[in-house]
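Protein chains in written order, with my numbering: chain A, 1 to 315; chain B, 1 to 434.
Treat the hints as calculated values from the structure; they're not laboratory data. Keep in mind the model is a prediction, meaning the values are calculated, not measured. Some clues are possibly wrong.
Unchecked claim - Derived contacts from chain B toward chain A, CB cut-off under 10 Å, selection only:
#1 72
#2 128
#3 131
#4 266
#5 270
#6 273
#7 300
#8 304
#9 306
#10 316
#11 359
#12 361
Where is the CB? At the ideal position from N, CA and C, for every residue including glycine.
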Amino acid sequence: MLELIVISTLNGVLFGMLLFLLSSGLTVIFSMMGVLNFAHASFYMLGAFFGYQLTKWIGFWPALVLAPLLVGAVGMAVERYGLRNTHKHGHVAELLLTFGLAFAIEEIVSMIWGKSPMDYRIPAALDFPAFTVFSTNYPAYKIFMLVVSVAIFVALLIVLKRTRVGLIVQAALTHPSMVGHLGHNVGRVFMVVFGVGSALAGLAGVIAGPSLVTQSDMAGLLGPILFVVIVFGGLGSLPGAFIASLLIGLIQTFAVALNGSLASAFGPLDPSLGPSVLTDIWNVTIAQIAPILPYVLLVLILIFRPMGLLGTRET
Amino acid sequence: MSDAATTTSDMPKEQSGSSARFYSIWLIAAIALIVLPLIFSSGGSLTSFSLIGIAIIFALSYNILLGQTGLLSFGHAVHYGLGGFIAVHAMNAVANYNWPLPLPFIPLIGGIGGVAFAILVGWVMTKRAGTVFAMISLGIGELVASSSLILRSMFGGEAGITTDRTALPHMFGWTFGPQLQVYYLIAFWVMISAIAMYALTRTPLGRICNAVRDNPERVEFIGYDPHVVRYLAYGFAGFFAGIAGGLAAINFEIANSAYLGATQSGLVLFAAFIGGAAYFFGPILGAILVTYLQLGLTNLTTVWQLYFGIIFIGIVMFAPGGIAGLLMMHRPLIRAGSLGMVIPSYLMAAIPTLALALGVILSIETVARYTASEGEGNIINLLGIPFNATAPVTWIVAALLVVGGFLVARLTWRRVAEAWDRAATVARDRGYLA
Chain A
1 MLELIVISTL NGVLFGMLLF LLSSGLTVIF SMMGVLNFAH ASFYMLGAFF
51 GYQLTKWIGF WPALVLAPLL VGAVGMAVER YGLRNTHKHG HVAELLLTFG
101 LAFAIEEIVS MIWGKSPMDY RIPAALDFPA FTVFSTNYPA YKIFMLVVSV
151 AIFVALLIVL KRTRVGLIVQ AALTHPSMVG HLGHNVGRVF MVVFGVGSAL
201 AGLAGVIAGP SLVTQSDMAG LLGPILFVVI VFGGLGSLPG AFIASLLIGL
251 IQTFAVALNG SLASAFGPLD PSLGPSVLTD IWNVTIAQIA PILPYVLLVL
301 ILIFRPMGLL GTRET
Chain B
1 MSDAATTTSD MPKEQSGSSA RFYSIWLIAA IALIVLPLIF SSGGSLTSFS
51 LIGIAIIFAL SYNILLGQTG LLSFGHAVHY GLGGFIAVHA MNAVANYNWP
101 LPLPFIPLIG GIGGVAFAIL VGWVMTKRAG TVFAMISLGI GELVASSSLI
151 LRSMFGGEAG ITTDRTALPH MFGWTFGPQL QVYYLIAFWV MISAIAMYAL
201 TRTPLGRICN AVRDNPERVE FIGYDPHVVR YLAYGFAGFF AGIAGGLAAI
251 NFEIANSAYL GATQSGLVLF AAFIGGAAYF FGPILGAILV TYLQLGLTNL
301 TTVWQLYFGI IFIGIVMFAP GGIAGLLMMH RPLIRAGSLG MVIPSYLMAA
351 IPTLALALGV ILSIETVARY TASEGEGNII NLLGIPFNAT APVTWIVAAL
401 LVVGGFLVAR LTWRRVAEAW DRAATVARDR GYLA
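With the hints as constraints, model all of the structure from the sequences given.
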C-alpha cells in the first residue's frame with residue numbers, strides 16, 4: 001500500500017507537471033488575447049511527432065531543442081496569419097478557428113504518420129532504473145521528465161516576475177492599449193507569447209512522447225482534460241492552473257492505480273436483480289472511472305465555485 | 001453577425017404585404033420533400049435524403065444555441081445521442097410489451113429524452129455564456145461519452161443497442177420496413193420541426209434570446225434574467241436534437257456511443273457554421289452540404305475529414321457569415337441592380353482560386369497516397385487527369401498550382417473587393433444598403 005502511494009504520488013506529480021507545461025501556455029495565451037486555444041493540445045501532439053521524426057534523423061538531444069522551436073514557429077504562424085486576421089470577427093470566430101485547426105492538425109498527422117502508435121523510444125542514455133522503491137524500479141526517464149518540467153516552471157516564473165519582458169507581458173495582459181501607447185509592439189508581444197506557449201506545449205510533447213503513447217489521437221485525448229484544468233483552476237489564473245494541474249494529475253494517477261469498486265467494498269449485488277444500470281455502477285472499478293473523474297470535478301466546481309479555484313473574473 | 005440577424009428579423013415585416021410569398025416558400029419545401037424520392041428513387045439517394053433530413057433537424061436545433069442565443073456548444077451531440085438511445089429503448093419496450101404506440105411517435109420520445117437531459121444539466125451549464133459555456137459543454141460531452149462506455153446495460157458498450165423498427169404497431173398500413181417509408185417519416189418530422197423552430201424564433205422568447213446573444217446586460221436592465229433565457233433556449237435545442245437522434249435511431253435501427261461523441265458534436269458545429277448561423281436557413285444549407293460531402297468524399301478520398309477542416313477554417317477566416325451570409329450579402333446588390341458590376345471580377349477571380357484549390361487537393365492527395373503504405377493505388381484521378389503520387393512531375397504541378405494560384409488569386413480578389421465597393425456604393429445611393 002505504501003509502495004503504491006509513493007509510486008502513484010511520483011507519477012501523479014509528474015503527470016501534473018506535464019499538464020502544467022501545457023496549461024501554463026494556454027492560460028497565459030487566454031488571459032492575454034482572450035482566446036482559448038483549442039489547438040493547444042494539437043501543438044503538444046505536433047511536438048511529440050516532430051520529436052519522434054527528428055530523433056530518428058538526428059538523435060534525441062538535438063530533437064529536444066529543435067522540435068519545440070519548430071512547434072513554436074508553427075504557433076507564431078498561426079497567430080500571425082490566422083488569429084490576427086480573425087480577431088475582427090470576435091472571440092467566437094477565433095475559438096472556432098483554433099477548433100478547425102485542431103481538427104485539421106489531427107487529420108494531417110494521421111495522414112502523414114498513420115493512425116497506429118509510433119515506435120518512439122526512450123533515449124538509451126536515460127534508459128535505466130534511477131532508484132528502487134520497495135522492489136519497484138523507477139525509470140530514470142521519468143525523473144528526467146520531472147526535472148525538465150520543474151526547470152521550465154522555474155524559468156517561466158523568473159521570466160514573468162523578474163524580467164523586463166515579463167513586465168511587458170504582464171502589463172499587456174490587462175492593459176494592451178496602454179502598453180501599445182508606451183511604444184511596445186503589442187501585436188509582436190502577442191505573437192511571441194503565442195509562440196512560446198506553443199513551444200512549451202511542443203516540449204511537453206517531445207518529453208512525454210516516449211513515455212506515454214505517441215499516436216494521432218493523443219491531442220483529442222488530452223485536450224479536454226487541459227480545458228478542465230484551466231477552468232478548474234480559474235480562467236486566466238496561473239497559480240490556479242498550477243494547483244489544478246497537480247490535483248488532476250494526482251487524482252487520475254491514483255484512480256488508475258486503485259482497483260476497488262462498490263462490489264468489492266460491500267459485496268456483490270443479489271444476482272436475482274439481473275443486469276441494470278445499478279449493477280453497472282456497482283461493479284465498475286475506480287480505475288475504470290478514472291477517465292471521467294476530471295469532468296466530474298469540472299461539474300462540481302461549476303456548481304460550488306463557478307469562477308474556478310483561484311479565478312477572479314466572471315468571463 | 002448582429003447586422004445580419006437584424007435583417008432576418010426584418011424580413012417578415014418587408015413581406016407582410018406578401019405573406020403569400022412567405023407561405024409559398026414553406027409549401028414549395030414541403031412539395032420538394034414529397035417529390036424528391038419520386039425523381040431520385042434509387043436506394044442510395046433515398047438513404048442520402050434520409051441522412052440529410054436528420055442532419056437538417058440536428059443543425060437547426062444547434063442553431064437555436066449558436067445563432068439565436070449566441071451559445072457555442074461543443075457537446076450538442078449529447079442530446080442527439082441520448083435521444084437516440086431513449087428512442088431505441090422505447091422501441092424495444094413497445095415491441096416487447098405490445099404497447100399501442102406506432103413508430104411515427106418515437107422521435108417525440110427521443111425529443112423528450114433530449115430535453116430531459118438538457119433540463120438536468122442545463123441550469124449549471126448556462127450560468128455563463130461565452131468561452132466558459134463552450135468549455136463546460138465540451139466537458140459534459142466528454143463526461144457523457146465516457147460514461148456511456150461504462151454503463152453497459154443502458155448504452156450497450158462499444159456495440160450499441162439494436163432494435164427492429166418493423167416490430168412496432170403499424171400505422172395506415174405502413175410497416176416502415178422500406179427505406180422510402182422511413183424517408184417520408186423523416187421528411188414529415190423535418191417539416192414539423194423546421195416550422196416549430198422557425199415559429200420559435202418569432203416568439204417573444206426567440207426575440208429575447210437574440211437580445212441575450214447581443215447584449216445580456218441590457219436584457220437584465222429590462223427585467224429578464226439572461227440565465228433563465230439561456231436555460232430555456234438550451235432546453236429547446238436539446239428537445240429538437242433529441243428528435244433528430246430518435247429519427248437516426250429509427251433510420252439505422254441502432255444506437256451506439258458514436259452518436260454521443262465529440263465527432264458528432266463537431267460535425268453539427270461545422271454544418272451550422274458553414275451554412276451560416278446568422279440566418280434561419282443557413283444550417284439547412286450547411287447540413288445538406290456537410291452530409292453530401294461526407295457521403296460523397298468518403299468514396300473518393302481517405303482524408304475527407306481534412307477537407308472538412310480546411311473548408312471550415314476557410315469559412316471562419318474569410319466568410320464568417322457562412323454560405324447563407326455570402327448569399328444574403330448580394331441581396332441589396334440584386335435589388336439595386338448593381339450585381340452586374342461584380343460578376344466580371346468574380347469570373348476573373350474564379351480561375352486562379354480554382355487553380356489554388358486544385359493545387360491544394362493535389363498536394364494533400366499526393367501526401368496521403370505517398371505515406372499510405374497499405375497497397376493503395378498511387379494514381380490520383382483529378383478532373384479525369386491521372387497523376388502519379390510518386391512522380392516528381394506531380395509534385396511540381398501541385399506546387400505550381402498552389403503558389404501560382406495563390407499569387408494570382410490574391411491580385412484578383414483585390415479586384416473583387418474594388419468592384420464590390422463600387423457596386424455597394426451604387427446600392428447605397430439607391431437606398432438598398434444602409
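Please flag the earlier hints that this structure goes against, numbers listed from lowest up. 7, 11 and 12
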